[in-house]
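**Student:** The hints should help you fit chains B, C and D onto chain A, whose structure is shown.
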Amino acid sequence: MVTDIDITVTVNRRTYRLNVPPNRIVADLLREDLQLTGCKIGCDQAVCGACTVLVDGLPMTACTTFAFELDGTAVTTIEGLSKEGTLHSVQRAFLEHSAFQCGFCTPGMILSVKALLDHHHDPDEMTIRRWLDANICRCTAYQMIIEAVHAAAKAAAE
Amino acid sequence: MGLSIGIKDGGGTANHAQALVKLLASGRAIVNAAAVEIGQGATTALSRIAAKILRLPLDWVRYGAIDTDHTPLDNGTHASCGTAVTGIAVMHAATDVCRQILEFAAERLGCTPDELLLDNWTIRRGNYAHPLEPMIAGHFGGAGFEFIGRGMIKVPNDPRAPLGAQSFFWMPSWVGAEVEVDRETGNVRVLQLVVGADAGRSVNSVACRGQIEGAALQALGQSLFEELRYEGGEPVNATPLDYRVPHAVDLPDRYEVVIFEHGGPGPFGAKGIGEAGMLGVASAIANAIHDAIGVRLTEIPFTPERVLAATQASS
Amino acid sequence: MRAEAGDGAVFMAGGIDIVNRMKFGEPITEVIYLGGVTELCAINDTEGGLHVGSLVTHHQFETCALIRARLPVLAQTWQDVANIRIRCKGTIGGNIMAADPNYDFALAAMAAGAHLDFLGQDGTARRILAIELSGRSAPGLLTGIIFPSADRLHVAFDRSLRPAITLALGLDCPEGKVAGGRVAIGCAFPMPITARLPITEPLLPRELVEKTAALARDLTVLLPEPLTNRHASARYRRQMIEVLLRRNLAALVEQIAWLQISTLPLPSIGGLIA
Amino acid sequence: MMSEVCASVFQSRVTPLDGPDKITGAARFTFDVTLPGMLHAKVLRSPHPHARIVAIDTSRAEALPGVVAIVTGADAIKLPDPYYGVAIRDQPVLAIDKVRYFGDMVAAVAAVDEETAYRALALIDVQYDLLRPVATIEEALADGAPLLFDAPVPGAPIKLGDGVISLKEPRPNVLYEFGYAKGDADAVLTRSDHVFEDRFRFSRINHFHLEPYVNVARVTGEQIELWSCNQDPFVLRDDIARIFGRPTNNIRVNASYVGGGFGGKSFCKMEPVVVLLAMKAGRPVRLCLSLDEGLLTLTKHAGVLTLRTGVTKDGRLTARKSEIQLDGGAYSDASALTVVKTGYRITGPYRWDAVATRAYAVRTNTVPAGSFRGFGGTQASFASESQIDMIARRLGIDPYDFRRKNLLAIGGPFSRATAASTATSRAVSMRSSNASAIGGSRGARRKATRRAAWGSALG
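Chains as they are written, first to last, in this note's numbering: chain A, 1 to 158; chain B, 159 to 473; chain C, 474 to 747; chain D, 748 to 1206.
For reference, chain A alone in the conformation it holds in the complex (with noise of 0.2 Å):
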């Protein structure tokens, strides 16, 4: 018999220590333990990307992920991104370009985009089209997420 799992994670800056049952999913967790519904499920089987958060920096797929693997880990989710009410400059340039439309893929392709820019800092289109590879947009065609990408990874040089 597999008892909970004691594990300490740092979300959106707030660290908490959890007790969480081993078979607890990462999506779950957030959407309905911390209230995180920012994180959306879509494929429920790491395909779409929807689910998208940072841990440690990295996007990673919430839906196919145990919680108990987040211990000692640092996560962001789409509402940790913004500080003290201002928007992240990714958040800035999706608003400013129309970067999205339904909006339910966005919250996973924002922090992806978030990732790609802290990796690189300027990256090209082809760097970007296979960055996001990652993460399923079926209303936009990715040109405007595109365009968001090059202008927020300018305002960050700026």
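Just so you know, not all the hints are guaranteed correct.
[What the hints assert, rightly or not] Some chain A residues close to chain C (C-beta under 10 Å, calculated; not the full set):
#, residue
1, Ile7
2, Asn12
3, Tyr16
4, Ile25
5, Asp44
6, Val55
7, Met60
8, Thr64
9, Thr65
10, Phe68
11, Ser112
12, Leu116
13, Ala134
14, Asn135
[Claimed, not checked] Each pair of labels, with its calculated beta carbon distance range:
#, chain 1, residue 1, chain 2, residue 2, range
15, C, Pro663, A, Glu158, 48 to 56 Å
16, B, Arg347, D, Glu885, 30 to 38 Å
17, C, Gly508, B, Pro215, 46 to 54 Å
18, D, Leu894, C, Asp573, 38 to 46 Å
19, C, Pro663, D, Thr937, 50 to 58 Å
By construction, these hints were calculated from the structure, which means they are not laboratory data.
Beta carbons: idealized from backbone N, C-alpha and C, even for Gly.
**Tutor:** This is chains B, C and D only, laid out in the frame that chain A set:
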């Protein structure tokens, strides 16, 4: 290179819609209509139509929550009808509420409404400005007042037309595709895709571009690889992993959308545009493949195997 | 530890596959989480070759300076494998052990002539050639992949016809001649399959150039019947194996020849070089 | 040409009003709706494309702790009107006597959480008597093909204009037929210098909206409330009122942001099942389908389009006879309307001396087809514009010039009956800039028991 024209009638057949615009004493407005925000930008477009007529800043207008107890009736969010059909209802509702306010102000100011102009929640009469908020508070007291305007549209029935009504507007689109075909593998790569469509007069040009781009990429996916496939009566790829939709890497190398503005029957000359981008993509690609290698594909998707088989059959 | 845990227990590396398998009803009763076993996360040079720990993620593999220097083609290819989310979480060991014909790392290991290190249930270490791996019946826990010395290995990886077929090619070139090679094919058979190129004696690259078409044809006819499924028919797959093999072989041989020319010592031209 | 292009009164770029919500995670979708005491539902789906339901035993599932309500066709048949569909109402709330496609809804469970509901599904025993399926249009129309429906279904043909044929269930396995003719197409074709007949096949795709189908229902006394991702709240309200026999003003449908629709969330689908469960459970119920189930809910129409088109030797189009077969799948949904629109649009923006169109939806044992962005226009455009290109090349005329020669004039009648708006005809002048733009830069398929073992996983 291949060309194609797409065309469909838009806005539904003999469609109708209703709308309310509520103007609060503060000058803030709520648009009530049942065009659901599915990403097409109904929230912004319909609010912008109301703001234009009421001469208010766009961020003073909110698109109200939709429930069938309170929101006026709409036939549904489909047939690219939101801006053109529901938009007309919103336009009439905003015009109606504007008329009520001018009549109210005329009565307060002892003049006729046609001497007055509504602008930025202030009544202008010649060189004089009369802010509306104190005027409303002074007259009504209490919690103030809400002006409620009503609007509707019914596209006329016409039994002489095949569908029972004339088409409300037409959605043309034009597609040009440039492809590269690997004769040995049958792999088709779209080097360039240009899609043009007519917004009538766009209410939000960025959203129009987004609609065309998004629709055309869906059509490109269906043209090249996307398909729900069956073997006998059983679907064989009905899982998100197996059922592949276009990703960012599937974008054509060069992808351009051109929005034309030739006027339409919607508010301020608008038309619907949401579906137009779907129409001509598959045929433009088929025509481009023929232009490139002289082989005609008559079945989508144009998978490498299918293209190769057609190539081998023709030689 | 797996011996103690019983039939429903599985090792978990990145875990994406396991969570999906559980969601789809596979009776997995216990997961042995390998995360944090730091010995399995290393990439380093060893006597036997370049050692890549089984818990190295795709992302670490693709971005590691050592891999980029020694196996540039694989590092480059791995920028396109799956997507960044999966690459950040998925491990190369998990990729091999999932035994999915659509996964790529087994192909890379097979084509490169790599060895796989396993830790048996009795605690003994075993090393086998990647091309000897079959199915999920692995001899224990995969601990690492050992790539042969890179100066004599040339690799090509072709994912352009996924999901109908993927193809990896490795050529051994000691002393400037192509002495042998392996092709590994994914997506086209129930399991990734591999075959040795019928090269009987070491050939100079320019000698091999003339033989690529014949080699590709000869090898392709020897392969078993490929799958017919929703992605492609067996007939198409067999044709494409030949096409991709020929193209990649030709390109790789040309590249080897070019490398040999470009690495010849340049004649000294006065002060220009100095 | 450019002088025609007038500016919109809306010049400036705007920040979309839904933007701030959507980029911060604050946007509330139906997916995010929760109600106090809410249960979670899952649907048992048919693993067979065509079968008679012999018996359903839910007793083992009912005994599972945490299961609150189970509904099957036996509950559906007691409803005042258990069928839905646009114009032709043939889809039962839950399969009543037969299943007609792989994925057809057979039973639904409401439980304290999704895991329990999934596990309960695995405990429902359904006995099927397998029937021969018809998987394709050709199979469905073959002599002696198995019938999806043994008797006519409720509903009526769509009311259309003069001179149009609109038939409900005209032949075995044909759901609906639309016919339209102007002039004597046969006579004109006989007189034409060339007549080309070409056949085109259109594939079946899914909407793949990222927000799955999701509904929450609450039944309080006489009132039914729904929080639905449906694109058509009023159409849904009327369907729920009819199906449950309640006055329309007792039904309240709430809409939030919808996470993508593209037509997939048009018209009634699984919503009555959620209401039925909420009624039986006496508690609010949420049903969120997986994307796998979404793939088994609705598609765009696959189809076979055969066009017979006449042309003079100098390249003037004369007449087009079209036969359009759309694969409607197992149930009507919006197939009848789609047939009408495909048939109507098949002539494209060209001038004709005569046209004759026959379009019909065929029933097959596959996922129902319905609304999808383009709504028949995509199918028609693919066939028509491919053939226009083929004819031009056969005659040795530049495809661009061939189109230009035959395009409708400003105000000309589309399909010879409806006045085309000027905008259509202005298409003529716009193509040149479009062409130059190019020329210038030339260079639960998974088991319905999905997650069933999930609860027990890891002890």
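**Student:** Does each hint fit the structure? Answer for all of them.
**Tutor:** Results of checking the hints against the structure:
1. Ile7: Check failed: Cβ of A:Ile7 comes no nearer than 12 Å to chain C, outside 10 Å.
2. Asn12: violated (19 Å)
3. Tyr16: Violated - the Cβ of A:Tyr16 stays beyond 10 Å from chain C, reaching only about 19 Å at its closest.
4. Ile25: holds (7 Å)
5. Asp44: Hint holds; A:Asp44 Cβ to chain C Cβ min 7 Å, cut 10 Å.
6. Val55: holds (8 Å)
7. Met60: It holds, given that the least Cβ distance between A:Met60 and chain C is near 6 Å, below 10 Å.
8. Thr64: holds (4 Å)
9. Thr65: The hint holds - A:Thr65 has a Cβ within 10 Å of chain C, the shortest such distance being about 7 Å.
10. Phe68: Since the shortest Cβ distance to chain C is 7 Å, the answer is holds.
11. Ser112: holds (7 Å)
12. Leu116: Holds - the Cβ of A:Leu116 comes within 10 Å of chain C, reaching about 8 Å at its closest.
13. Ala134: holds (4 Å)
14. Asn135: Holds. Min distance 8 Å.
15. C:Pro663 to A:Glu158: 48 to 56 Å: holds (54 Å)
16. B:Arg347 to D:Glu885: 30 to 38 Å: For D:Glu885 against B:Arg347, whose Cβ atoms are near 33 Å apart, the range 30 to 38 Å holds.
17. C:Gly508 to B:Pro215: 46 to 54 Å: Given range 46 to 54 Å: holds, Cβ gap about 53 Å.
18. D:Leu894 to C:Asp573: 38 to 46 Å: holds (41 Å)
19. C:Pro663 to D:Thr937: 50 to 58 Å: Since C:Pro663 and D:Thr937 have Cβ atoms about 57 Å apart, the given range 50 to 58 Å holds.
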